[in-house]
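If you read the protein sequences in the order shown, they are chains A and B. Under the numbering used here, the first sequence has 15 at position 15, and the numbering climbs by one with no breaks. Under the numbering used here, the second sequence has 665 at position 533, and the numbering climbs by one with no breaks.
Careful: at least some of the hints might be erroneous.
Each pair of labels, with its calculated beta carbon distance range [what the hints assert, rightly or not]:
| id | chain 1 | residue 1 | chain 2 | residue 2 | range |
| --- | --- | --- | --- | --- | --- |
| 1 | A | 73 | B | 316 | 48 to 56 Å |
| 2 | B | 397 | A | 81 | 46 to 54 Å |
| 3 | B | 340 | A | 71 | 57 to 65 Å |
| 4 | A | 117 | B | 316 | 26 to 34 Å |
| 5 | B | 170 | A | 71 | 40 to 48 Å |
| 6 | B | 148 | A | 46 | 42 to 50 Å |
| 7 | A | 46 | B | 185 | 24 to 32 Å |
| 8 | B | 170 | A | 56 | 41 to 49 Å |
| 9 | B | 336 | A | 69 | 57 to 65 Å |
| 10 | B | 141 | A | 41 | 40 to 48 Å |
| 11 | A | 64 | B | 258 | 28 to 36 Å |
| 12 | B | 247 | A | 66 | 56 to 64 Å |
In short, the hints are calculated from the structure, not lab data. Note that beta-carbon positions come from the ideal geometry of N, C-alpha and C, so glycine has one too.
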Amino acid sequence: MPAPASVPLEQPKRGYRVAPQHGIPQSPRHDSHLRLAAVSTRRLVPTLGWVAVITAVVVLFALATLQAVIVDRQTNLDDVNNELEDVRAVNDKLRLNVARAEAPERVVTVAINSLGMVEPERRVYLVPVELD
Amino acid sequence: MLLERSQRRRGVAMVLCFTLMVGFLTYRLTDLQLFPSDAYVDYGEQQRIRVVDLPARRGRILDRNGVEMAMSVPQWTIWADPSQVINPEEAAVALAPILEKDELHLFSLLTEPDQHAYLSRTVPDSVARAVADLELRGVYQVEESARFNPSGSLLGRSVIGSVDIDQIGVSGVEYLYDGLLGGVAGEMVVESGHGGRTIPGGARHVKPAVSGVDLMLTIDRSLQFEAERALMRQIRKLQASSGTAIIMVPDTGEILAMASVGRNKEGHSVLLAENRAVTWSYEPGSAMKPVVFSGVIEEGLGQPNHFREVNHWLQLYDQEFTDHTEYGTVVYSMEEILARSSNTGTIQWALTLGSAGLAQYMARFGLGLPTGLGFKGESVGLVPDLADWSGTDVASFALGQGFLATPLQTLLVYNTLANGGVRVPPTLGHSVIDDDGRQMPFQRGEPVRVVSETTADKLTGMLVTVVREGTGRNAQVEGYSVAGKTGTGLKASSGGTYEDEEGRSSYTATFAGFFPADDPQLSMIIVIDEPQTDHYASQAAAPLFSELAHYSLQRLRIAPPPNYVTVSTTLNPELAQ
Numbered sequence: 001m002p003a004p005a006s007v008p009l010e011q012p013k014r015g016y017r018v019a020p021q022h023g024i025p026q027s028p029r030h031d032s033h034l035r036l037a038a039v040s041t042r043r044l045v046p047t048l049g050w051v052a053v054i055t056a057v058v059v060l061f062a063l064a065t066l067q068a069v070i071v072d073r074q075t076n077l078d079d080v081n082n083e084l085e086d087v088r089a090v091n092d093k094l095r096l097n098v099a100r101a102e103a104p105e106r107v108v109t110v111a112i113n114s115l116g117m118v119e120p121e122r123r124v125y126l127v128p129v130e131l132d
Numbered sequence: 133m134l135l136e137r138s139q140r141r142r143g144v145a146m147v148l149c150f151t152l153m154v155g156f157l158t159y160r161l162t163d164l165q166l167f168p169s170d171a172y173v174d175y176g177e178q179q180r181i182r183v184v185d186l187p188a189r190r191g192r193i194l195d196r197n198g199v200e201m202a203m204s205v206p207q208w209t210i211w212a213d214p215s216q217v218i219n220p221e222e223a224a225v226a227l228a229p230i231l232e233k234d235e236l237h238l239f240s241l242l243t244e245p246d247q248h249a250y251l252s253r254t255v256p257d258s259v260a261r262a263v264a265d266l267e268l269r270g271v272y273q274v275e276e277s278a279r280f281n282p283s284g285s286l287l288g289r290s291v292i293g294s295v296d297i298d299q300i301g302v303s304g305v306e307y308l309y310d311g312l313l314g315g316v317a318g319e320m321v322v323e324s325g326h327g328g329r330t331i332p333g334g335a336r337h338v339k340p341a342v343s344g345v346d347l348m349l350t351i352d353r354s355l356q357f358e359a360e361r362a363l364m365r366q367i368r369k370l371q372a373s374s375g376t377a378i379i380m381v382p383d384t385g386e387i388l389a390m391a392s393v394g395r396n397k398e399g400h401s402v403l404l405a406e407n408r409a410v411t412w413s414y415e416p417g418s419a420m421k422p423v424v425f426s427g428v429i430e431e432g433l434g435q436p437n438h439f440r441e442v443n444h445w446l447q448l449y450d451q452e453f454t455d456h457t458e459y460g461t462v463v464y465s466m467e468e469i470l471a472r473s474s475n476t477g478t479i480q481w482a483l484t485l486g487s488a489g490l491a492q493y494m495a496r497f498g499l500g501l502p503t504g505l506g507f508k509g510e511s512v513g514l515v516p517d518l519a520d521w522s523g524t525d526v527a528s529f530a531l532g533q534g535f536l537a538t539p540l541q542t543l544l545v546y547n548t549l550a551n552g553g554v555r556v557p558p559t560l561g562h563s564v565i566d567d568d569g570r571q572m573p574f575q576r577g578e579p580v581r582v583v584s585e586t587t588a589d590k591l592t593g594m595l596v597t598v599v600r601e602g603t604g605r606n607a608q609v610e611g612y613s614v615a616g617k618t619g620t621g622l623k624a625s626s627g628g629t630y631e632d633e634e635g636r637s638s639y640t641a642t643f644a645g646f647f648p649a650d651d652p653q654l655s656m657i658i659v660i661d662e663p664q665t666d667h668y669a670s671q672a673a674a675p676l677f678s679e680l681a682h683y684s685l686q687r688l689r690i691a692p693p694p695n696y697v698t699v700s701t702t703l704n705p706e707l708a709q
């Protein structure tokens, strides 16, 4: 009968605890449910892709929104400029009307024809003098 | 098996075709976008880039009190693109009554081969609205500036002048100061899309227009109005052909009013577009006698109280000179000679001064020389060179005959005496006002001393006597001392003589002077051309001088000197005691 295969001491049998070996560096303790595993890139790439796509969409949407706002503001600016020109024109016309209303020719005409006033043949002005 | 192979071949062919198409489009797109052709770039820019003219606002013309005398206001201009007008005949018929134009004329405009035809420029808003209501295809409106004189289109017409349809000054102050009033037009280059809307972030280049400055004149609108009104009345009364009035501030050269009145074809007196105060030259007559006496006194050849024997008749070489009345031989002082406006007495003093002396003083007073006003069409008058003077010219020139001067030049002689012998160039420009409201005065011309202050004072005294006791009594102003001189000048006929073929003479009547005489604040000249009912200056010009002087003093609130205070007894006789 062949001799049973010897079991190396450094590899204890499952279920046994190895006695502490002083002077020998102790290997890290391994729990049965924890283990080191290489990080898998297969899952990371899609995630980053989605993030990039979403970011791009958001940025593009923001740009489009910003562009719409700029167009809207430019339209408003054009309208305001046109309105300003119109108001200036109205202002000039009103100023012309005021100046016409104050014209001496019109004042004389209204005074004579509408108000029944007459021009004096000779204007007489009194100058105050000191009376002793 | 064969079927599968055929399908596979067709599939490959389709993929190949599709790939080629996509490849070609990709190539074309890349070629266009990255290596664009200049032609396409230009074509694109032509569609997008819009050049907008930015017209400069023409400055206002204000009187010395800031009242508008000319201003620009936007108006509508009606134009058409004949290629777009569907029915030119109907359009012409519809537009004619609104635009107040001939139908045939409008029809010819609407059928022109060009793509642009002005139908009516700078029309009122009501007309523009009426045209818009017609909704005619191919008929458009655009805004343009029009120039208005709010005081009435005729007030100050000869001074203010006018602009053409493109707002460029062509006469008067509008022309004289066009560089200041006109401003500089700008332009804006923008990328625009549908409907002319600006493309945000597109190419944009703006060269802003520089507005013309507002120009404040030395003219007083009320004085101008009154001068024109009174002059028109006088022209009607005298049945004269024309007349001129100028009111100035002698020590600054500022012109307060400058009126020119004439007659139209129907014979009615009207305000003229021509500024005859500076464009018309005439023989001023006796109004020039003060030049002779200024020279005599300045050269120490005589004094106002120096006497000499004078006869109403005098012969010099082959020419006879007379006074208007026969008085034989008398002894007159220099002051009396001027007060009576004696021709023979003045000639004797002129002979004492001599031809060279008279020529020198005429030049010193600015006769025959530019006044410095710079008005378009301004005459410098006509004074012959001394070398060309005949033996009798010294006598003729002493009487204000034989040479030509403008009314303004004549008035400047009196301004010089009012200023103590200093000639100040006349000006119409008071100041300019920029967009920020800053007022900058005009630079005045350099004054020139003509005679000493002593001489000027003596002449002033002599001119006061003329108004107080002499030929200028009708120019008196109650409460004020006036210095002035009449001048009844003979007009040369087309034949070169002072009588026409029927032996009749034409005259000009002038009165020039300043007031109050002891502290001159205003000067004035009235010139009536060819008065019919009364040609003597004392009757034709002096009364108008008095009327306008009275108004001017009241208008400008110039109080009478204390020693001249008088009280009218018309209303309250008790105050006169």
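(request) Evaluate the given range 40 to 48 Å for the C-beta pair formed by residue 170(B) and residue 71(A). (result) violated (29 Å)
(message) Can you tell me whether the CB distance of residue 64(A) to residue 258(B) sits inside 28 to 36 Å?
(response) Given a distance of about 47 Å, which is not inside 28 to 36 Å, the answer is violated.
(request) For the range 46 to 54 Å, tell me whether the beta carbons of residue 397(B) and residue 81(A) fit it or not. (result) Given about 50 Å between the Cβ atoms, the range holds.
(request) Starting from the hint 41 to 49 Å, judge whether the C-beta atoms of residue 170(B) and residue 56(A) obey it. (result) Hint violated: Cβ distance 35 Å, outside 41 to 49 Å.
(request) Could you tell me whether the CB distance from residue 141(B) to residue 41(A) stays inside 40 to 48 Å? (result) At roughly 42 Å between Cβ atoms, residue 41(A) and residue 141(B) fall inside 40 to 48 Å, so the hint holds.
(message) Assuming the hint says 57 to 65 Å, is it satisfied by the Cβ distance from residue 340(B) to residue 71(A) or not?
(response) Violated, at about 25 Å.
(request) For residue 117(A) and residue 316(B), compare the CB-CB distance with the range 26 to 34 Å and indicate the outcome. (result) violated (48 Å)
(request) Could you say whether the range 56 to 64 Å given as a hint is met by the Cβ separation of residue 247(B) and residue 66(A)? (result) Distance hint for residue 247(B), residue 66(A) is violated at roughly 40 Å.
(message) Between the beta carbons of residue 148(B) and residue 46(A), is the distance compatible with 42 to 50 Å?
(response) At roughly 34 Å between Cβ atoms, residue 46(A) and residue 148(B) fall outside 42 to 50 Å, so the hint is violated.
(request) Given the hint of 24 to 32 Å, check if residue 46(A) and residue 185(B) actually sit that far apart at their C-beta atoms. (result) violated (60 Å)
(message) A range of 57 to 65 Å was offered for this pair. Does it hold for the Cβ distance of residue 336(B) and residue 69(A)?
(response) violated (18 Å)
(request) Look at the Cβ atoms of residue 73(A) and residue 316(B) and judge whether their distance stays inside 48 to 56 Å. (result) violated (30 Å)
Of the numbered hints stated above, those contradicted by the structure are hints 1, 3, 4, 5, 6, 7, 8, 9, 11, 12, listed in ascending order.
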